[in-house]
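2 protein chains.
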Amino acid sequence: MTLQIDHDRLVATMEEQATYGATEDGGLHRLALTESDREIRDWFVDQLQAAELTVRIDEFGNIFGRRKGSNPDAAPVLLGSHLDSQPNGGIYDGALGVVAALEFVRALNDEDIETVRPVEVVNWTNEEGSRFQPAMQGSGVWAGAHDIEVERSKTDDDGVALGEALDNIGYRGDIPAEPDSEYEAYLELHVEQGPKLAETGADVGVVTGIVGFTWGAVTFHGEADHSGPTPMHHRSDALVAAADLITAIRRIPGTLGDQTVGTVGYVDTKPNSINVIPGEVTVTWGFRDPDDEVVEQAYQRVLEEAEHVAKREGVDYETEERMRAPAISFSDRPVDAVRQAAENRDCRYLELISGAGHDATHLASVCDTSMVFAVSEGGKSHSPAEFTSWNDCYEAATVLANAALELANNVTK
Amino acid sequence: MTLQIDHDRLVATMEEQATYGATEDGGLHRLALTESDREIRDWFVDQLQAAELTVRIDEFGNIFGRRKGSNPDAAPVLLGSHLDSQPNGGIYDGALGVVAALEFVRALNDEDIETVRPVEVVNWTNEEGSRFQPAMQGSGVWAGAHDIEVERSKTDDDGVALGEALDNIGYRGDIPAEPDSEYEAYLELHVEQGPKLAETGADVGVVTGIVGFTWGAVTFHGEADHSGPTPMHHRSDALVAAADLITAIRRIPGTLGDQTVGTVGYVDTKPNSINVIPGEVTVTWGFRDPDDEVVEQAYQRVLEEAEHVAKREGVDYETEERMRAPAISFSDRPVDAVRQAAENRDCRYLELISGAGHDATHLASVCDTSMVFAVSEGGKSHSPAEFTSWNDCYEAATVLANAALELANNVTK
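Top line first, the protein sequences correspond to chains A and B. Residues 1 to 413 (the working numbering) are what the first sequence spells out, left to right. Residues 414 to 826 (the working numbering) are what the second sequence spells out, left to right.
These are computed hints drawn from the structure, not numbers from a lab. Hints are not guaranteed to be accurate.
As the list claims (entries may be wrong) - Here are the simulated DMTMM-like pairs of lysine to aspartate or glutamate, each with C-alpha atoms no more than 20 Å apart in a straight line:
| id | chain 1 | residue 1 | chain 2 | residue 2 |
| --- | --- | --- | --- | --- |
| 1 | A | K68 | A | D25 |
| 2 | A | K270 | A | E318 |
| 3 | A | K270 | B | E465 |
| 4 | B | K567 | B | E734 |
| 5 | A | K196 | A | E343 |
| 6 | B | K683 | B | E733 |
| 7 | A | K68 | A | E52 |
| 8 | B | K609 | B | D671 |
| 9 | A | K270 | A | E280 |
| 10 | B | K683 | A | D157 |
| 11 | B | K683 | A | D158 |
| 12 | A | K68 | A | D110 |
| 13 | A | K196 | A | E377 |
| 14 | B | K683 | B | D571 |
| 15 | A | K68 | A | D46 |
| 16 | B | K481 | B | D525 |
| 17 | A | K270 | B | D560 |
| 18 | A | K270 | B | D571 |
| 19 | A | K154 | A | E320 |
| 20 | B | K683 | A | D25 |
| 21 | A | K68 | A | D158 |
| 22 | A | K270 | B | D486 |
| 23 | B | K609 | B | E734 |
| 24 | B | K683 | B | E756 |
| 25 | B | K609 | B | E764 |
| 26 | A | K270 | B | D570 |
| 27 | A | K154 | A | E321 |
| 28 | B | K683 | A | D268 |
| 29 | A | K196 | A | E318 |
| 30 | B | K683 | A | D156 |
| 31 | A | K270 | B | D569 |
| 32 | B | K481 | B | E465 |
| 33 | B | K683 | A | E24 |
Said to hold, decoys possible - Chain A side only, calculated, beta carbon under 7 Å to chain B, not exhaustive:
| id | residue |
| --- | --- |
| 34 | G265 |
| 35 | S273 |
| 36 | H382 |
Said to hold, decoys possible - Label pairs and their computed distance ranges (CB to CB):
| id | chain 1 | residue 1 | chain 2 | residue 2 | range |
| --- | --- | --- | --- | --- | --- |
| 37 | B | A574 | A | G159 | 25 to 31 Å |
| 38 | B | E733 | A | N344 | 55 to 61 Å |
| 39 | B | D571 | A | G170 | 40 to 46 Å |
| 40 | B | E720 | A | E24 | 28 to 34 Å |
Small disclaimer: the values here were computed from a predicted structure and weren't measured. Virtual Cβ for every residue (Gly too), placed ideally from N, Cα, C.
Could you put the whole structure together from the sequences, leaning on the hints where they help?
Below you can see the structure in the form of structure tokens.
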């Protein structure tokens, strides 16, 4: 049998969630643990309860809704993603995965289907990592990758601790932030955030793994000085060294691999005045590749380039790797379930490796995990220009639902 | 005769002014029209009154103290500088010129000297231009270079209008912000803010003019996108183009002239997140040279480079020149007076062109103008590391005083 998702309800639910934290240009500004995050969580809990799910909220604010299975002792199938957004991000990133998971249980309710295994829908706390670092924080705590007290003490740019922000919005739950049973599988639908599905004409993506990455920062220490009377040969301009590194990072991926990417996304210039030679500049790096060795090569190249550009301009520097994640290969079983659901629907699908980290990264250490990608038009995301047609949302949600149904009834393991 | 400045009182007065807006690292954070600017103005007015000067405050907050001359109708000699500072700047920039002017009239009082011409001491509003733009604003309004209502409506980063800030600290005076008579001359003592005096072993600088400059900004418009799944060849990274321009601006001066300088002091990156390809980046330029033609060449080169780097990265861009100031040659008479004072004192002096703009820039359009430079150790300024030995402060103040005395008694013009 094929489970039918309600297209119009999927669209209406997507449109409804997009009203919380909506920006004027049609995007979303719903940073983790802010007032708009509280509102979307209230909305999400309402949806779970309306679907007659049992709601649990853990100490880190991760929200679960559980639908019983015919075998209450069977390990559940977990589906979800995140409802927080980037600053001025789009309306699909994260939210589509949560809404699609909701639509799956709604469809089960519509058809009065009892699965063998329990099914759970989840919203992970702070996937984006823009207000509080790191990204994928809630799933990371839950999966045991991070210590909860360390993460609760992280502060935002205004010095507000995450724990305080979580308490303020009333979403510090009372159950431990950890799996309270074995889990059969985790499935996450997400927009691709890259151009590959659209370019190859695929309707949906079967995700077989996630690239590894290194994130870090280089701070250059030069000498702040008046930009007028300081001769060029007297200068140690921290920004010039940083600019040199930025252009080097643009070139590094092209020397390493065809899937390697490298980015400087953040610059902090001090004192940042038109009339003062910059004395201190911090830039971040981010490199990703499906091969951990290539990630390590990229990291080594940044260290070499930082030394080189600092010497060239006569400034000091320091580097700090802030995060390193190994590449992940998803297990065959859930990947097969997703592929089979796509084939049953007669979809054009593409198997690909995710270029972005997702909560699935951490879940893969807990249970069998896979992902479904929806088409991102033009590959755009983290911006209001992010766009997935309702038809593509529907295709991906249908594949997710049928893969989940198969796993929820699979007791052969 | 040679007028004697009181070394210890000069030092004590410098130390006293440096307590208003002092930073923990021995610098000064005394932004224009803030509470600490109000405090230093109150202190300045007290000093003027203690020296029995007649205080006038104009509508733009410029503060004048006048000492009578034997011929009350003679055009006065004006001396001064500014008491506001850069963010986390040093204690000498501006303040030394005001304090030295004060010490001149105190020395006249000590010796009971009556000059032929009246002598005035001035503190100009907002020379630094960091909270409100442009720099040299108070002297610019007074000299007629700017419309006072336009300048009063300028806002700081918090949206506070300059006029409101001026009213708030109680320094909107009641006389027009314009010369109320002819002026015989303007003399300004300032720290060099460059390394030339220290490098050549000079005790004091005789300033013969001020370099011209162009200030402006280039904004690059690329495409904000997720830094993971976006392949390198799909990117239009505004920061990469900006970095290219920064390195180009580092090179341009070396192709134009031995006194040319070029700086990028300010960068604004949007959205400025480690995980997002920058969609919009603004960088400023600043070029200076004693030759206006060279300044124009530098400006043309920036336009060419902006086009080139934008094309290379596939981004759009726009340029905006925000300020252009022609080079200034000071008049012979006050320059001769400064040189003669230095020679009479048997100082080692260096004739040089100021690499920075000063209030003297605008005064030069009103009356004969010159400047005295004090040694800047290591050329540092606009930072807490700014340093001038008390002996060098004393040397420069003595040259200023004796040049001013000569001009104040000169009636041959």
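Hints versus structure:
Straight-line distance between C-alpha atoms of K68(A) and D25(A) comes to about 41 Å, which puts the hinted pair past the 20 Å bound. Distance restraint check for K270(A) and E318(A): the Cα-Cα separation of roughly 16 Å lies within the 20 Å cut-off, and the hinted pair is therefore satisfied. Between K270(A) and E465(B), the direct Cα distance comes to roughly 43 Å. Violation of the 20 Å bound is thereby established for this hinted pair. Between the alpha carbons of K567(B) and E734(B) the distance comes to roughly 18 Å, so the proposed pair stays at or under 20 Å and holds.
Using a Cα cut-off of 20 Å, the hinted pair K196(A) and E343(A) holds, with the two alpha carbons roughly 19 Å apart. With a CA separation close to 19 Å, the supplied pair K683(B) and E733(B) stays within the 20 Å bound. The hinted pair formed by K68(A) and E52(A) meets the criterion: a straight-line CA distance of about 10 Å does not exceed 20 Å. Our distance criterion of 20 Å between C-alpha atoms is met by K609(B) and D671(B), whose separation comes to about 13 Å.
With a C-alpha separation of about 5 Å, the suggested pair K270(A) and E280(A) falls inside the 20 Å cut-off, and the hint holds. The straight-line distance between the Cα atoms of K683(B) and D157(A) is roughly 16 Å, inside the 20 Å bound, and the hint therefore holds. The suggested pairing of K683(B) with D158(A) holds, with an alpha-carbon distance near 19 Å, which does not exceed 20 Å. Pair hint K68(A) plus D110(A) holds up; C-alpha atoms about 15 Å apart against a cutoff of 20 Å.
Of the supplied pair hints, the one linking K196(A) and E377(A) holds, its CA atoms being roughly 10 Å apart against a limit of 20 Å. Note on K683(B) and D571(B): the hinted pairing holds, with a Cα-Cα distance of about 19 Å set against a maximum of 20 Å. Between K68(A) and D46(A) the CA atoms are separated by roughly 18 Å; this keeps the pair inside 20 Å, and the hint holds. Note on K481(B) and D525(B): the hinted pairing holds, with a Cα-Cα distance of about 12 Å set against a maximum of 20 Å.
Of the pairs offered as hints, the one joining K270(A) and D560(B) is violated, with about 32 Å between alpha carbons and a cut-off of 20 Å exceeded. Proximity of K270(A) to D571(B) is assessed by CA-CA distance (about 19 Å); at most 20 Å being required, the pair is judged to hold. About 17 Å separates the Cα atoms of K154(A) and E320(A), which keeps this hinted pair within 20 Å; it holds. Taken as a hint, the K683(B) and D25(A) pair is honoured in the structure, with Cα atoms around 16 Å apart against an allowance of 20 Å.
Using a Cα cut-off of 20 Å, the hinted pair K68(A) and D158(A) is violated, with the two alpha carbons roughly 42 Å apart. Distance check on the hinted pair: K270(A) and D486(B) sit about 50 Å apart at the alpha-carbon level, beyond 20 Å; violated. Proximity of K609(B) to E734(B) is assessed by CA-CA distance (about 29 Å); at most 20 Å being required, the pair is judged violated. Among the hinted pairs, K683(B) with E756(B) is inconsistent with the structure: their alpha-carbon atoms are about 55 Å apart, more than 20 Å.
Between K609(B) and E764(B) the CA atoms are separated by roughly 10 Å; this keeps the pair inside 20 Å, and the hint holds. The hinted pair formed by K270(A) and D570(B) meets the criterion: a straight-line CA distance of about 16 Å does not exceed 20 Å. Our distance criterion of 20 Å between C-alpha atoms is met by K154(A) and E321(A), whose separation comes to about 17 Å. The suggested pairing of K683(B) with D268(A) holds, with an alpha-carbon distance near 11 Å, which does not exceed 20 Å.
Proposed proximity of K196(A) and E318(A) is contradicted: the alpha carbons are some 36 Å apart, above 20 Å. Simply put, K683(B) and D156(A) have alpha-carbon atoms about 18 Å apart, close enough for the 20 Å limit, and the pair holds. Annotation: proposed proximity of K270(A) to D569(B) holds, straight-line Cα distance about 18 Å (limit 20 Å). At roughly 10 Å between alpha-carbon atoms, K481(B) and E465(B) fall within 20 Å of each other, so this suggested pair holds.
At most 20 Å may separate the alpha-carbon atoms for a hinted pair to count; K683(B) and E24(A) meet this at roughly 17 Å. Taken as an interface hint, G265(A) checks out: its beta carbon lies about 5 Å from the nearest beta carbon of chain B, inside 7 Å. Using the Cβ-Cβ criterion of 7 Å, the hint placing S273(A) at the interface with chain B is satisfied: the shortest such distance is roughly 5 Å. The beta carbon of H382(A) comes within 5 Å of a beta carbon in chain B, closer than 7 Å, and the hint placing it at the interface holds.
A hinted range of 25 to 31 Å holds for the C-beta pair A574(B) and G159(A), which are about 29 Å apart. For the pair E733(B) and N344(A), the supplied restraint of 55 to 61 Å holds, since their beta-carbon distance comes to about 58 Å. For the hinted restraint 40 to 46 Å between D571(B) and G170(A), the CB-CB distance of approximately 32 Å leaves it violated. Checked against the hint of 28 to 34 Å, the C-beta distance between E720(B) and E24(A) comes to roughly 32 Å, which is consistent with it.
Of the numbered hints stated above, those contradicted by the structure are hints 1, 3, 17, 21, 22, 23, 24, 29 and 39, listed in ascending order.
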